[in-house]
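S.K.: Sequence:
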Amino acid sequence: MLINGFNIAAERVDLLIALVMLYLTVATKPRRTAVLSVVFYGQILSVANIILHMASIFLLSFDTALEGFLFRMSVLFYYVTYLGILVLLFSYIHLLSLKQRENLDTLNVVVIVFIAIYMVVVGGVFISDSYVTVIDGAYKFTEWFNVNVWFALLDVVLIVLSTFQNRNEIPRVLMNLIFIYVPFEVLTLIIQMIQPQYVILSVTYVVPFMLCYIVFHSNLYDEVTGCQNKQAFEAHLLSLQKKNKNGKHIGFIYIKFPRLEVVDNYELMYIANRRISAQIRNLEQHNPDARVYSINEFTYGIIFPNNSEYVTRETIELVKNDLEEAMSNWEYSNSPEYRMVVIKNDLENCDLQTLDAYSNFLFDKAAKKKVRVYEATLSDYNICMEQKEIERVIVDIRNKDDLMDSRVVVYVQPIFDVTNNNYQNAEALMRLDVHGRLISPDIFIPLAEKVGCIHTLTRIILNKVCAKIYEIQDYYNFEAVSVNVSLSEFMDYCLHDELIEIIKNNGITCDRIRLEMTESMTSDEIEAISHNMEEFNAAGVHFYLDDFGTGYSNLERIVSLPFRTIKFDKSLLYKSMDDPILLRLIQNMVDVFKSHGLVVLVEGVENNKQAELSIGLGFEYIQGYKYAAPVPINKLEEFFEPKLERLA
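Its first residue numbered 1, the sequence shown is counted upward by one per residue in UniProt numbering.
Fair warning: there could be bad hints in the mix.
[To be verified] Straight-line C-alpha distance at most 25 Å; calculated SDA-like pairs for lysine to any residue:
#  : residue 1 : residue 2
1  : Lys609    : Asn634
2  : Lys635    : Arg459
3  : Lys388    : Thr419
4  : Lys368    : Leu240
5  : Lys504    : Lys575
6  : Lys504    : Val451
7  : Lys594    : Lys450
8  : Lys365    : Gln424
9  : Lys230    : Leu240
10 : Lys370    : Lys388
11 : Lys643    : Ala467
12 : Lys242    : Thr312
13 : Lys609    : Leu561
14 : Lys635    : Arg512
15 : Lys369    : Glu386
16 : Lys230    : Arg281
17 : Lys575    : His542
18 : Lys370    : Asp351
19 : Lys365    : Val451
20 : Lys243    : Arg259
21 : Lys230    : Leu36
22 : Lys504    : Val418
23 : Lys609    : His596
24 : Lys575    : Pro562
25 : Lys370    : Ser406
26 : Lys369    : Met404
27 : Lys230    : Phe114
28 : Lys609    : Pro580
29 : Lys570    : Lys504
30 : Lys243    : Pro258
31 : Lys450    : Arg512
32 : Lys635    : Lys368
33 : Lys575    : Val418
34 : Lys504    : Met404
35 : Lys594    : Asp579
36 : Lys570    : Pro441
37 : Lys388    : Ala357
38 : Lys570    : Ser486
No lab work stands behind these hints: they were computed from the structure.
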């Protein structure tokens, strides 16, 4: 299509593309990354610049003063919007580097200098009317009209330099796109200057913004599930929170199919996801404000308006009925059983990471309760947030790696020696100080194992115990203090080297330390466990088998490992009081262990009846509140007898 001698066909096509991309950016809830706003504003300027460019060409043959004024304004804003496009293109590439994103000084300097030079040169051309001339009574553009193209070439140079400078920070996919597209960009700009009658300038910025959107920000629909992904879920959540006072009256439903997590069959996964998602997406037909998203291959997330209890209840029932229908019509041998959690409490400023943690917490709770559908309560959220804070403290302890970290608090529980009627040993027990509140190990130990920080806690408690032993060893009679070690730590073949080094660095001998481990070990773990135990034993560190009677190891495996003490779990003692058969079995096990030279200990003894039974069964050591409650480690020596030579 020719207008005043210019072919603007490419501009019209690019305008359509730019409008479509702008619509997609608004309608599809793209990933809200740190540089999304650059792409969004770039798309707006692209549309404006193309319209202004075509308007300048159309108004070139103006006849009236008004048309002349509109022509000059079109040219002016064409130059201004093009400057904005060049700045945004450079800024986008530059800001993909996290290092540059954290320090904007370089970007600000380059942009300010670039804008200043552009305004001087292009502004001079505009003010002097050098961009237009009169030939045979008609207005024509001069070669100076495309002065902005020279700055486009300069912008390309700056982009290449920034890419090279930050090559280790910028994603490789973008590096490849840049080095493929830059030659095309330069060639297009040169053609535009040589053949100005063919207007193709918009190609040089519409395509880059389109590629940036598709590669980094688009949340396309999955063809199997018909749903958008987790990033779209997050974008929609952020959008609703802005509109709806930080997220009030927003409900969430998470649906998980546990059996699909262990399926290694692509065809079955395809069929399952296609059928299940079709059923779940029925909700969108009944409630146009509800949105279904595919979080991963076996989890779906739903965001719905939680304006009333009636709407929430109706939404839950619709989803539940659709899932039940899908399960009842499943023709394969095993249906992909579902588990659903509902979050209907108002969660203000709740981000995706928090929602993920909360939903997983609720799924665990649903599994423990053995229910398919679980509706969260406010107390659930508070407990989950408390666990998140505990995890944060544990990770911080791991990162600081201070072996005397005050947040790891050590208690000890003395162990009664039946034969000598005194205390010769004690077990070290860990507590976690979270903002002044002591957290018990049954809460924080699983969390520490979950975030991979349990070994740091073991090293800290061992170091503190060793320091206390060094302090009192010359003044009191005692044998040792035991420390619990997680079974997962024994998978490290070098565990013995690290812990023995801590013991020796505190100036005590290894025989002052005992290590406790549970019997819930598998055959796959035996080799590494056996290696570490042998090394510890050779150094003088002996082992307690903790919680005997609660795990799954057989006696043959226990006897094959170098344990010195078998610690019977309190549950066995309690049950035996009402079960004569179990009582005889415990008596026989005690006799067998003692005949093999092992020491037997029972824990959890709380009253006289339990104490008498324990002594009658032949236990050599007894641990429990009947004899001594756990106390802070600084009171450990109160249970040991002073050395006589120190009293003289």
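S.K.: Evaluate each hint against the coordinates.
M.R.: Hint-by-hint comparison with the structure:
{"no.": "1", "hint": "Lys609 <-> Asn634", "verdict": "violated (31 Å)"}
{"no.": "2", "hint": "Lys635 <-> Arg459", "verdict": "holds (21 Å)"}
{"no.": "3", "hint": "Lys388 <-> Thr419", "verdict": "violated (46 Å)"}
{"no.": "4", "hint": "Lys368 <-> Leu240", "verdict": "violated (33 Å)"}
{"no.": "5", "hint": "Lys504 <-> Lys575", "verdict": "violated (42 Å)"}
{"no.": "6", "hint": "Lys504 <-> Val451", "verdict": "violated (29 Å)"}
{"no.": "7", "hint": "Lys594 <-> Lys450", "verdict": "violated (37 Å)"}
{"no.": "8", "hint": "Lys365 <-> Gln424", "verdict": "violated (42 Å)"}
{"no.": "9", "hint": "Lys230 <-> Leu240", "verdict": "holds (15 Å)"}
{"no.": "10", "hint": "Lys370 <-> Lys388", "verdict": "holds (24 Å)"}
{"no.": "11", "hint": "Lys643 <-> Ala467", "verdict": "holds (19 Å)"}
{"no.": "12", "hint": "Lys242 <-> Thr312", "verdict": "holds (21 Å)"}
{"no.": "13", "hint": "Lys609 <-> Leu561", "verdict": "violated (33 Å)"}
{"no.": "14", "hint": "Lys635 <-> Arg512", "verdict": "holds (18 Å)"}
{"no.": "15", "hint": "Lys369 <-> Glu386", "verdict": "holds (21 Å)"}
{"no.": "16", "hint": "Lys230 <-> Arg281", "verdict": "holds (16 Å)"}
{"no.": "17", "hint": "Lys575 <-> His542", "verdict": "violated (29 Å)"}
{"no.": "18", "hint": "Lys370 <-> Asp351", "verdict": "violated (28 Å)"}
{"no.": "19", "hint": "Lys365 <-> Val451", "verdict": "holds (19 Å)"}
{"no.": "20", "hint": "Lys243 <-> Arg259", "verdict": "violated (38 Å)"}
{"no.": "21", "hint": "Lys230 <-> Leu36", "verdict": "holds (17 Å)"}
{"no.": "22", "hint": "Lys504 <-> Val418", "verdict": "violated (31 Å)"}
{"no.": "23", "hint": "Lys609 <-> His596", "verdict": "violated (28 Å)"}
{"no.": "24", "hint": "Lys575 <-> Pro562", "verdict": "violated (28 Å)"}
{"no.": "25", "hint": "Lys370 <-> Ser406", "verdict": "violated (39 Å)"}
{"no.": "26", "hint": "Lys369 <-> Met404", "verdict": "violated (39 Å)"}
{"no.": "27", "hint": "Lys230 <-> Phe114", "verdict": "violated (39 Å)"}
{"no.": "28", "hint": "Lys609 <-> Pro580", "verdict": "holds (16 Å)"}
{"no.": "29", "hint": "Lys570 <-> Lys504", "verdict": "violated (34 Å)"}
{"no.": "30", "hint": "Lys243 <-> Pro258", "verdict": "violated (35 Å)"}
{"no.": "31", "hint": "Lys450 <-> Arg512", "verdict": "violated (30 Å)"}
{"no.": "32", "hint": "Lys635 <-> Lys368", "verdict": "violated (39 Å)"}
{"no.": "33", "hint": "Lys575 <-> Val418", "verdict": "holds (22 Å)"}
{"no.": "34", "hint": "Lys504 <-> Met404", "verdict": "holds (16 Å)"}
{"no.": "35", "hint": "Lys594 <-> Asp579", "verdict": "holds (23 Å)"}
{"no.": "36", "hint": "Lys570 <-> Pro441", "verdict": "holds (17 Å)"}
{"no.": "37", "hint": "Lys388 <-> Ala357", "verdict": "holds (8 Å)"}
{"no.": "38", "hint": "Lys570 <-> Ser486", "verdict": "holds (20 Å)"}
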